[in-house]
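Undergrad: Same order as they appear, the protein sequences are chains A and B. Residue 161 in this note's numbering sits at position 161 of the first sequence; the count goes up by one each step and never skips. Residue 35 in this note's numbering sits at position 35 of the second sequence; the count goes up by one each step and never skips.
One or more hints might be untrue.
Said to hold, decoys possible - Covered by chain B, per the in silico footprint, the following chain A stretches (three or more residues, Cβ under 8 angstroms):
#: 1; segment: 268-280
#: 2; segment: 300-312
#: 3; segment: 338-345
#: 4; segment: 383-393
#: 5; segment: 442-450
Unchecked claim - On the chain A side, residues computed to face chain B include the following (Cβ under 7 angstroms):
#: 6; residue: Met-361
#: 7; residue: Tyr-371
#: 8; residue: Leu-420
#: 9; residue: Gly-436
To be verified - Between beta-carbon pairs, the in silico distance windows are:
#: 10; chain 1: A; residue 1: Glu-248; chain 2: B; residue 2: Glu-35; range: 30 to 36 angstroms
#: 11; chain 1: A; residue 1: Pro-335; chain 2: B; residue 2: Arg-4; range: 50 to 56 angstroms
#: 12; chain 1: A; residue 1: Gly-247; chain 2: B; residue 2: Gly-73; range: 16 to 22 angstroms
#: 13; chain 1: B; residue 1: Pro-50; chain 2: A; residue 2: Asp-35; range: 49 to 55 angstroms
#: 14; chain 1: A; residue 1: Pro-246; chain 2: B; residue 2: Ser-71; range: 37 to 43 angstroms
It is worth saying that the hints were derived from the structure and are not from the lab. Owing to the predicted nature of the structure, the values given are computational and were not obtained by experimental measurement. We put the CB at the ideal spot given by N, CA and C, even for glycine.
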Amino acid sequence: MTAGLDPLRLTARDARRLLTDGEIAASELVKTYLDQIARVEDRVHAFVLVTADNAAKYATEIDQEAGATRGALAGLPTAIKDNMVTEGVTTTCGSRILGNYQPVYTATAVRRIWGDHIVMLGKSNLDEFAMGSSTENSAFGPTRNPWDLSTVPGGSSGGSAAAVAAGEALWALGSDTGGSIRQPAALCGVVGMKPTYGAVSRYGLIAFASSLDQIGPLTRTVYDCALLLRGITGHDPCDSTSIALPGEIELPAAERLDGLRFGIPTEYVSTGIEPGVLERFEQTVTLIEELGATCVEISLPHTEYALPAYYIIAPAEASANLARFDGVRYGYRSPHAGDLTEMYEATRGEGFGAEVKRRIMIGTYALSSGYYDAYYGQAQKVRTLVRRDFDTAFAQVDLIVSPTSPTVAFGLGSRTDDPLAMYQSDICTIPVNLAGLPAISIPCGLAGHLPVGFQIMGPAYSENLLLAAAHALEGAIGFDALPTFADSSAGARGADRR
Amino acid sequence: MISRDDVAHVARLARLRLEEAEADRVTAELARILEHIDKIGELDLTGVEPTAHVLAVADVLRADKPRPSLSRGDALRNAPAVSADCFRVPRIQS
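Whenever a hint applies, use it, and build me the whole structure from the sequences.
TA: Below is the structure:
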C-alpha cells in the first residue's frame, strides 16, 4: 500500500484534493486500489473483469497531463457495473448469453465520466441482467459481503457496493430498477443513490425494465455521491427519456436540518422490519429531530400493492427487452439446434439463468392474450395510486424516510430457493422506482456486526435537497466502522477460509 | 391456477426452451408468484388512469438529418455467424 493512503477510508473528495495539490500521483492512487484488489478480490469477487493494465497505463498518462487540462474527476479509480456497455471492454451483464460481448460503443453515463478522465478499474459483478437482490444470480459466481464473507452484498449492484466497501474502488456506478443501488449500499455500509427517473441517460445501459431503470452512484460519503452524480447527469439526445435537472448538482455542505419536515410512512415500519434495523432507524430519526427538523407519521396507503405491481411491470418490460437476445446479432448461440426457431429456443434456454427465465415467463404471461388487462393494465393503475400517495405525502412533508432494507445482509444461499422471499428484500425501495422519484441510502450504524441503511426519499428533481439533508445526517451519525473480511460461518465449518 | 400446459405455451411465446424438471419447477414458482400478484385484485381500480411512464415528456423528435451510424463491420463484429457481410442464421424450416 502507498504510505498514507488507506483504501478503506479514502474519500473521492480527499483523493481529488491530494491529486490537485500534487501530494500524490494518479498512478500511486490507482496502484493503491489495484493492490487492494490483489489482496482481497479472491475472497470478495466484486468484479467480473479487472482492467488493471489499462487502469495503470491511463493513470500514468494522466500524471503526464498538465493540471489545467485535466478533467474534473481526473485519476479517480472507479468500478463500473457490468450492465453498462464499454467500447472495447467485455460487457457481460452477468449473463452467459453475453459472456464474450465486445461493445462497439460506450454508455453515455460512462462516456461522460471518461471525459472527466476518471480511471476505470474494471466491471463490477451483478445479478444476471440486474435481476436479483443478492448478486447470487451472476453467471460468474456470487459476490461476498466484505462485512461477513458468509453473507450476500445485496443486489443487483452487489459488485459495485462490495468493491467500494472493500476498498477495491474509490467509488462505483450502479443501476437501480427496484432498489438495486440502495439495497446493496445498505447491506455493504456505503452510500447509494437512485436519481429522479430521466436524470441520467440510459443509453448503453443494457435494459431490464426501461420505465424503471436508472443509473446512479455508490460511494463512501454523501459528498462523493454528489460529485459523481454531477458527472453523470444531463440530457442526452440518445435517450429520449432523459431530462436536464432544473439546476446543477451542488456539492453538499449542510450540517443542520432546521425547518425541514420529514415523514415516516407507517406502512414501511409497521411490519417485517428486523428489530436491529428498526432500532437503528429510530435512533436516526431522533438525530433528525436533534438537527432541527420535525418528523411526523404519514401514510402511503398503497405501499403493500407496490411489490405485486412491480412484479408485473418489471418482468413485462424485461420480457420485451430481452427478446433481442436471440443468438443472431451478438452473444451466445446454441449449437444444439436444427432450424431457426429451435436455435432461438435453445440459445435462450441455455444462455439465460433461472431468475431471468422466471421473469421472462412472468412477463410473457402477463402480456399474453387474455391476461394483458388483468395483469399489466391493472398494475399500471396501481402505479398511478402509488404515485398519488407520494404526491399527497409531499404536500405535507419535504422528505420521507424509512429503513432501506428490512434486514441486514442475509446468508449466501439462504433465499435462493424462494423467489418471493428474495423479492421481499426490495419492499422499501420499489415504490420510488414506480413513482420515478429520487432516493438515497446512507449507513446509519450496525445491527450486530452488519451495516444498516437509512433511506431518504424526495420529490422529483429534489436531488440537491436530498443530498444536503443526507450530508447533514451523515455528519450526525458519524458512521466510521470498517468491514472485517471475517467469515462468520468459517468456525462452523471448522476452516478459516482466509 | 397456472398449469403445466400454460407454462409450455408461455415458454413457446417467449422462445425459451425449458427442460422437463425446469418446467415443473417454474410451474410451481409461477403459481406462487401469481398468487402474490393477485393481491392487486383487492383494489377497486375503476376509473384510475394507468401510468406507463413517469416523465411528462412525449413525442421527442430530433432533426431529420442523416448522420453517421454503426459501420457494417462494427455491427457484425459480435455476430455468432456471418455470411457475405450479413448475419447468418440456421435454415428457417427443418
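Undergrad: Between the beta carbons of Gly-247 of chain A and Gly-73 of chain B, is the distance compatible with 16 to 22 angstroms?
TA: Roughly 43 angstroms apart at Cβ, these two residues miss the hinted range, so it is violated.
Undergrad: Take the shortest C-beta to C-beta distance between Leu-420 of chain A and chain B; is it under 7 angstroms?
TA: 6 angstroms, holds
Undergrad: Hold the hint about Met-361 of chain A up to the distance rule: shortest CB distance to chain B must be less than 7 angstroms.
TA: 6 angstroms, holds
Undergrad: Cβ-Cβ distance between Glu-248 of chain A and Glu-35 of chain B: within 30 to 36 angstroms?
TA: 47 angstroms, violated
Undergrad: The segment 383-393 of chain A covered by chain B? Criterion: 3 or more residues, Cβ-Cβ distance below 8 angstroms.
TA: holds (count 4)
Undergrad: At a Cβ distance under 8 angstroms, does chain B reach at least three residues of the segment 442-450 of chain A?
TA: With 0 residues close enough to chain B, the hint is violated.
Undergrad: If I claimed the Cβ atoms of Pro-50 of chain B and Asp-35 of chain A lie 49 to 55 angstroms apart, would that claim hold in this structure?
TA: 53 angstroms, holds
Undergrad: Hint validation: Gly-436 of chain A versus chain B, beta carbon distance must be below 7 angstroms. Holds or violated?
TA: Given a least distance of 3 angstroms, the restraint on Gly-436 of chain A holds.
Undergrad: Would you settle whether the hint for Tyr-371 of chain A is holds or violated, based on the nearest Cβ-Cβ distance to chain B being less than 7 angstroms?
TA: With Cβ-Cβ at 10 angstroms, over 7 angstroms, it is violated.
Undergrad: Taking beta carbons only, do three or more residues of the segment 268-280 of chain A come closer than 8 angstroms to chain B?
TA: Not satisfied, violated; 0 residues make the cut.
Undergrad: That 50 to 56 angstroms hint for Pro-335 of chain A and Arg-4 of chain B (C-beta), does it hold up?
TA: About 28 angstroms separates the Cβ atoms of Pro-335 of chain A and Arg-4 of chain B, which means 50 to 56 angstroms is violated.
Undergrad: Please check whether Pro-246 of chain A and Ser-71 of chain B have a Cβ separation lying inside 37 to 43 angstroms.
TA: Once the Cβ atoms are compared, 39 angstroms apart, the range 37 to 43 angstroms for Ser-71 of chain B and Pro-246 of chain A holds.
This entry does not satisfy hints 1, 5, 7, 10, 11, 12, going by the numbered hints stated previously.
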